[in-house]
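Q: What follows is the residue order along each chain.
Protein chains: 2
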Amino acid sequence: MKIAVDAMGGDYAPKEIVEGIELARDAYPDIEFLLFGLTDQIQKYLKDDTRIEVKQADEVIEMGDEPVKAVRTKKQSSMVLAATSVKEGQADAFFSAGNTGAILASGLFIIGRIKGIDRPGLATTLPVITKDDQKNFVMLDVGANADTKVLNMYQYALMGKYYASNVMKVNNPRVGLLNNGTEADKGDMDHRKVHDLLADDSDIHFIGNVESRELLNGAADVVVTDGFTGNAVLKSIEGTALSMLHLIKGSIMSGGMTSKLGAAMLKGTFGQIAKSMDYSQYGGAVLMGVKAPVVKTHGSSKAPTVKNTIGQIKQMIDSKMISDLNNYLNSHTDQLQEIKETIKNSK
Amino acid sequence: MKIAVDAMGGDYAPKEIVEGIELARDAYPDIEFLLFGLTDQIQKYLKDDTRIEVKQADEVIEMGDEPVKAVRTKKQSSMVLAATSVKEGQADAFFSAGNTGAILASGLFIIGRIKGIDRPGLATTLPVITKDDQKNFVMLDVGANADTKVLNMYQYALMGKYYASNVMKVNNPRVGLLNNGTEADKGDMDHRKVHDLLADDSDIHFIGNVESRELLNGAADVVVTDGFTGNAVLKSIEGTALSMLHLIKGSIMSGGMTSKLGAAMLKGTFGQIAKSMDYSQYGGAVLMGVKAPVVKTHGSSKAPTVKNTIGQIKQMIDSKMISDLNNYLNSHTDQLQEIKETIKNSK
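For the record, the sequence lines run as chains A and B. In terms of the UniProt record's numbering, the first sequence opens at residue 1 and continues consecutively. In terms of the UniProt record's numbering, the second sequence opens at residue 1 and continues consecutively.
Keep in mind the hints are simulated off the structure, nothing from the lab. Since the structure is predicted, the reported quantities are computational estimates derived from the model, not experimental observations. Honestly, I wouldn't trust all of these hints.
Quick partial rundown of chain B residues pointing at chain A, CB under 10 Å, derived from the structure [claimed, not checked]:
(1) 41
(2) 45
(3) 88
(4) 208
(5) 247
(6) 260
Just a sample of chain A residues kept apart from chain B, beta carbon distances all over 12 Å, derived [as the list claims (entries may be wrong)]:
(7) 40
(8) 53
(9) 196
(10) 215
On the chain B side, residues computed to face chain A include the following (Cβ under 7 Å) [as the list claims (entries may be wrong)]:
(11) 229
(12) 237
(13) 244
(14) 261
Heads up, the beta-carbon is just placed ideally off N, CA and C, and yes, glycines get one too.
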């Protein structure tokens with residue numbers, strides 16, 4: 001398999017990207033890489049070009065660029081060229097740590113939607129903290145779309161199911177709908193309709209509404225949400241975890257000798273907590289619903305995270321997740337058409 | 001001033017409610033109380049009835065009752081009778097630790113909306129962790145309405161401003177709109193419209209969009225949000241804080257002797273953290289936009305939290321928050337009408 005890499009995206013590009021790709025190359029002998037970017041800069045960090053082909057890209061899409069405009073005008077950017085190589089069949093998947101909006105636009109406009117999916121959604125894997133038999137869950141959409149409709153959320157459930165089954169290897173994954181209460185009649189009209197659609201679908205193991213308070217307790221394997229709420233919830237979880245670590249650090253530093261000694265004794269514990277909350281270990285955010293794996297890691301990612309994310313992409317390719325989803329969509333066109341009619345008639 | 005108390009609402013009612021009211025009575029010499037509930041049960045815990053009048057209520061609205069139906073049919077319940085006493089002018093404010101939906105319905109249908117407010121919203125005070133000059137912020141709506149419209153969010157901004165100014169004593173409070181990015185064009189159509197309305201309003205100190213990641217860092221004094229997102233964000237913050245405390249505890253317990261000794265040395269630190277995250281110290285959730293203070297504490301509240309919440313209600317009454325808001329609405333009817341037209345025409 002071959003992965004197209006935007007070597008210029010991210011706060012530490014191209015150095016950490018190149019180093020991460022070398023780690024991944026050493027870990028996964030069946031992967032080849034196409035690295036797009038400023039060749040002279042990439043070559044500075046590339047120690048060994050075994051299974052790594054460097055391709056010159058004259059432009060770079062910056063973090064501050066307006067996403068759609070950047071993808072349309074910077075035709076020679078590392079991101080656009082990497083996405084184009086996937087579209088043209090030279091590579092099987094796309095990876096970047098760059099501008100999130102531009103990655104979404106590259107996936108959507110260059111690589112293209114799967115037939116049967118109206119709007120791709122962004123999926124993130126988050127840790128489960130209080131359960132021994134569940135390590136993590138996947139949540140989507142976490143921000144690809146600000147205006148999400150009933151049909152989109154129904155399709156997120158389908159896509160999340162395939163991600164959990166194929167990539168996370170969860171047998172018959174429990175799908176929950178993020179809502180403001182667990183009762184079936186909770187939420188606005190759209191969420192109630194999604195609830196009823198999922199409850200009626202025998203192909204989805206729907207466990208009903210879940211509340212954001214219970215996500216890290218493992219309320220579901222797949223959490224379906226509209227992009228606006230999902231984005232707000234993801235950022236709340238991140239913000240609260242960071243604030244609490246800050247609070248602990250601040251209290252220890254102002255707590256005198258005993259407190260500092262105690263902290264030294266708990267160093268292992270704090271390391272474990274930081275590791276549990278560090279969801280980059282589960283890989284990057286995946287744009288679900290496009291024709292090839294399009295995966296984005298955090299802009300501040302360093303080489304080990306880049307390597308983990310490549311492992312996640314390999315899992316997506318090995319498990320044939322996208323073709324399984326495709327097969328399902330193709331063999332259920334009648335059922336999916338019926339669902340569209342139901343939604344239309346319920347308006 | 002006189003406060004009507006639903007003595008039967010909450011997990012530890014009437015014991016902790018009665019004990020909390022006695023604490024508040026001792027702390028605030030200018031408050032009298034009307035306690036509604038099963039008289040014989042209340043009398044068991046009431047040690048001194050100075051400034052506390054007990055009123056018999058034959059029924060109790062349970063946590064599992066369907067809210068609107070319960071308020072309509074249980075006319076002799078402690079909650080309905082307490083709310084009715086406020087409506088009839090026998091008391092100045094309403095307090096309960098009971099069924100949230102029923103408290104909202106009691107506020108809305110019995111005590112009634114302020115003229116000029118289309119839908120009341122539920123406001124919660126949350127802690128700011130990483131700033132020395134800001135202790136907390138108020139966020140609304142956190143769940144009174146699942147289907148929030150542009151006009152409602154605009155009115156939440158107004159109400160939040162009065163709460164921050166009068167009750168939290170913040171000078172010229174910074175109002176932010178919770179959105180999925182800080183740029184002005186972020187969010188769905190409704191949030192963009194709210195952004196533009198607030199940006200154009202010279203009576204509101206609008207600082208633009210804020211992201212949920214920055215809330216505990218003190219991004220704003222007043223955070224305006226639709227009830228669906230606000231509810232999800234509030235529950236994410238609670239859930240993440242609880243999960244992290246659980247994680248810390250679990251790591252320490254499984255960490256051997258050194259770890260346990262370290263934890264003992266950090267006991268003060270952990271206490272401080274738990275206190276910082278315990279937002280019950282800031283009082284209860286306030287239903288903003290009704291004719292009198294309607295305040296709800298957590299169902300699991302004990303006597304000290306009940307006392308704190310009464311202090312918060314006293315602050316609302318002392319600061320004349322509701323009449324200040326009323327005066328503003330009455331003296332700006334033309335401006336408010338114009339805003340309604342703008343929203344209507346932008347559809």
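Q: Tell me the numbers of any earlier hints that the structure contravenes, in ascending order.
A: Numbers 1, 2, 3, 4, 10, in rising order.
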